[in-house]
Amino acid sequence: MAVVRAAGATLLLVLAASLLAVFATAAPAEAQDGALKGTLRLGRDVVPDVVITATDASGSEVGTATTDADGKWEIPFSETGTYQVTIDTSTLPEGVGFEEGRSETVEIVADEVRAKAVGFKLASADVSTTIEIDPLWQRLLSRAVDGIKVGLLIALASVGLSLIYGVTGLVNFAHSEMVAFGALMAFAFESLWGGLPFWIIIVLAALAGGVLGFVLEGGIFRPLRKRKMNNISLMIVSIGLAFVMRYTLLILFGSDPKSYEHHRVQKAIDFGPFSLPGKDYWIMGVSLLMLIAVGLLLQRTKLGTAMRAVADNPPLSQSSGINVDRTIMAVWIAGSLLASVGGAFLGLTQVVEWQMGEKVLLLIFAAVTLGGLGTAYGAMVGGLAIGFASEFSTFWLDNDLKFLIALIVLIFILLYKPQGILGVRERFG
Amino acid sequence: MPADLNAAQQAVRTADPTPGSAKQDPILIIDEVSRSFGGLQAVDVKRLEVQRGVITAFIGPNGAGKTTFFNLLTRFDDPDTGKWQFNGEELSGKLSHSIAQAGMVRTFQLTKSLGKMSVMDNMMLGAQDQKGESLFSALVKGSWKSQERAVEAKATELLGRFNLSHMRDEYAATLSGGQRKLLEMARALMSEPDLILLDEPMAGVNPALVQSLLVHVEALRDEGVSVLFIEHDMDVIMGISDWIVVLAEGRVIAEGTPEQVSQNNVVIDAYLGTSFAEDEGTP
Amino acid sequence: MSNLQLLAGFDMSKLFGDSIRAGINVQSAAFALGAVGLNLHYGFTGLLNVGMVAFMAAGSYGMAIIFTQGLLGGSILLGILGGLVFATIIALLVGIPALRLRSDYLAITTIAIGEVMRISFRSRRLLDITGGPFGLPSIEDRSADISLADRIGRDWNPLFNVDDPTRTFGFWKLAFDGKTLWLMIIGWTIVVLCSLLVWKLIQSPWGRVIKAIREDEDAARALGKNVFSYKLQSLVIGGCIGALAGIVRTLDSGFVESNQFKPQTTFFIWTVLILGGAASKWGPVLGAFLFWFILVFFEELLRQIISSSSDMVFLGLEANDVGRMRLIIMGIMLAALMVWRPQGILGKKEEALLDAR
Ligand SMILES: Nc1ncnc2c1ncn2[C@@H]1O[C@H](COP(=O)(O)OP(=O)(O)OP(=O)(O)O)[C@@H](O)[C@H]1O
Ligand SMILES: [Mg+2]
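Chains as they are written, first to last, in the working numbering: chain B, 1 to 429; chain W, 1 to 283; chain R, 1 to 357.
One thing to keep in mind: the hints can contain errors.
To be verified - Distance condition first, Cα-Cα at most 25 Å in a straight line; then the derived DSS-like pairs of lysine-lysine:
1. K349/R with K228/B
2. K116/W with K14/R
3. K131/W with K281/R
4. K14/R with K179/R
As the list claims (entries may be wrong) - Okay, the calculated bits of chain R under chain B, using three or more residues with CB under 8 Å as the criterion:
5. 57-68
6. 95-105
Said to hold, decoys possible - Label-pair distances were calculated between CB atoms; the ranges are:
7. S143/W with F214/B: 52 to 62 Å
8. E350/R with S98/W: 27 to 37 Å
9. N87/W with N399/B: 56 to 66 Å
10. S98/W with D150/R: 47 to 57 Å
11. W282/B with D150/R: 52 to 62 Å
Since the hints were made in silico from the structure, they are not lab data.
Ideal Cβ placement from N, Cα and C applies to all residues, glycine included.
Same shape as in the complex, but just chain B (with noise of 0.2 Å):
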């Protein structure tokens, strides 16, 4: 029985993995919904750390994009229509500008909404100068510490969903919703009070996932708790309120990809072998502070304990003193702040949209499986893994398949650890 189930084992790893092989090796081409895009070269070099930002007909933002260590950039867009495509010239390196009868702005007629190739024509002053590029190591090391912050986010947005499951047993599927609501709640209050620190515009937005987490927590999951619904009832009916969560932030805030005012043009700032724009550094340590904060917190509170008391026996737990409710319902404000910033967060390196919950629920859910369901820690590992891995991927896969990434980690830990890296084999009977 063992050799047959590992035989299978393999078969689907095999399986999975020559799936991987034939996207990696056949045309190098990438899909996207509708973007403009492009790379920047000049003569056969390429063009790193550009801004490049599209308007359309009415002259308002598009998005922007900065040029990837490749010179390749990218701005998503939604609606048929004409767009201004602009370089930031201030952020050319020095001596580049145009070829004659060529300007910063392209003018594209996009008619449909897919890929549309954008070429700019860059010409030296100084034709002997060459640009350099990075050597290979040093672009590794640039897609491992995106690699870093992208999991970071995605252990920030994934502790709640285990912390729920750990103290609940429910799957909560709404909660990568949370996500794009930090993203939007922070875009909102920037829009509104924009000459607020935007480190004040995070808080705000923490808040406000807060308080989402005690409304549904007190307004529906604890009352249908109290009905003696089960788990699957619920989950269930976190999927249905995923859907309204997702398309009411859709109908309040609209389709088209948003970014924030601040930080949207940022020079890098060096440190040691490489170099960033100064959000990154920010959003790396508030994220690893706030892991920190989350892991003290459960070890070394009275809030905590109870938390895992009540994940580990909540009859127990309440007959011991124990406020289950109380301590259920810390859980859900404390991991909807935290999916809310990491969504916030995840708006500073991506575009804006009511669609960003959907897109990273499958690395949160890897994520979670990965470090084991219901624990905290795990979620932490788990993330920073799925993160690191599906980011860095990008390096030789194109930009989707990422997913595929954290879909083969999740078989793979379903065939072999069921119960996560961190996790404990469940009790029978």
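Given the coordinates of chain B, assemble chains W and R with the ligands onto it according to the supplied hints.
Same frame as chain B, now just chains W and R with the ligands:
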């Protein structure tokens, strides 16, 4: 009483009353089965033989590892180490359902009734080798109709024995706790096991019914079924069992006939001395 | 303005006609099929499949790819078979790792596979096979130069009349052209056949084991039932019925595109099932009719209210929000049903109450 003992009962009574002793005709032979949870050694049984055709009781304090031991034998839990043979067949590598198919069927301490199925359906599920349970014959009613009728007749008969006839068309979820215990035992018997493992079958069953249940269990033995059961009620144990195995902290600390065990000092220290008195309060 | 006046401004025949039409259309049959499959999974076996759309995609793409590649001489039936084989492979791929574990894990895996399939299909690397982001706008046998739509809607359609290709059948808002009616007949016939098949299985000893697994798989295991194998059988059969749902939809539309397989489709199918009544014989069918009726009714009502109001806004909603409201309404409906009427319309109330004990 010794006069009407059958051969197997007589055989077991002559076995050596020490832990791990050999039986004349063992149906189940267990070797080095162990399981620990973190630092807790829940089960650590060096060797145990269970005699065929008799009622063997499995006793021990709460948390002694009795249920865990049943879980291991039926592979609802995976042992850290160990092997066991049933009817001469190696079972350790097998999965739960194959173990049941081999003729070793268990019940659960916390009953598992199939709530949204009728009591009758619960019973009929227990029957083994049903043609209609394979996907393709399921679609051809002719192939399983007559077997279905036979299974139903048998279920009706067993329900009668267990005082559940009047509930046959009710949802199992509507049964009381005690009735569920009965249903679970009756359902296990539908599978015509060679060895039945009962985890506290009498807990929560009213005393009058316990008496008639005991009669059924004895009848089972006389039909040739071997019974291994966990129980805390010492009167029940002393009255019905042919052989007793005492478990404490995961180890077999004593074996013997009811008389031998009740005089065993180790057992009195570990179990009877303290919990016999406590147990009398609870039926 | 009094209520009466408000109503007078409405086009009642459009409101009801369009809603009923939507309820019996091919799309509705496809959803009914999906719900029949899900009923076997969730209603009877207790499997939490939240990626039904993966099976639909397997069916649609499987058929479309085999047809377009001309592998089997443009045979629709062989294409359908290909779709079913693909769905079976997906069921095994998901089932083998996830079905040994607690039910939540199947939920996570199924939703993951659905998304991964959608994302993979739209990858430009598969341009020649799946059409990448553009899909296969017209499913045509590239070597034999036959299109799927023509084949099913013309060549094989007894209702199609060469002399009068635009002939319609029916009356009022319920007049359908020959092709649509033909596909409705095919679609609903498959629905009825699959419903009967599932019901027959459920009434057999096989079905007894399946229901026992839903109730308590350990109990079934203790009685010698190979739970894993039964779950896998259920996943495959229900998955193939789900693939048929995708196939029916594709036969109707004549094209495949990855956007047809977003997670919300799965969620619609759940609503259909819960609305009609899980674990009931005809629940999926009634559920699909009601689902589309309610959906179109609300949308049309909202649209009419908005267009009849002076500033074209109602409760802050504009005309282009109407389609988005659909998912909100459905989300609320699914959650509300789960809470107040978990047995749906045709399910047994007693059974739902037993859950709360
Ligand atoms: N899955 C598990 N995880 C951790 N500890 C466990 C697990 N299962 C059992 N135990 C522990 O193993 C020990 C033996 O438990 P078991 O249920 O086998 O006792 P028992 O002899 O059946 O007791 P009782 O007479 O009360 O039913 C107990 O201390 C229990 O807490
Ligand atoms: Mg026990």
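Each hint, compared with the structure:
Of the pairs offered as hints, the one joining K349/R and K228/B holds, with about 16 Å between alpha carbons and a cut-off of 25 Å not exceeded. Proposed proximity of K116/W and K14/R is contradicted: the alpha carbons are some 44 Å apart, above 25 Å. As the CA atoms of K131/W and K281/R are separated by approximately 24 Å, the hinted pair is consistent with the 25 Å bound. Under the criterion of a C-alpha separation no larger than 25 Å, the hint pairing K14/R with K179/R is consistent with the structure, at around 22 Å.
Against chain B, the region 57-68 of chain R contributes 0 residues with a C-beta closer than 8 Å to a partner C-beta. That does not satisfy the three-residue criterion, and the hint is violated. Restraint check on the region 95-105 of chain R versus chain B: 9 residues with Cβ-Cβ distances below 8 Å, three needed, restraint holds. Hint check: S143/W to F214/B, Cβ distance near 59 Å, so the stated range 52 to 62 Å holds. For the pair E350/R and S98/W, the supplied restraint of 27 to 37 Å holds, since their beta-carbon distance comes to about 35 Å.
A beta carbon spacing of about 60 Å between N87/W and N399/B agrees with the range 56 to 66 Å that was offered as a hint. Against the hinted window of 47 to 57 Å, the Cβ-Cβ separation of S98/W and D150/R comes to about 54 Å, which satisfies the hint. Distance hint check: the CB atoms of W282/B and D150/R are about 60 Å apart, consistent with the given range 52 to 62 Å.
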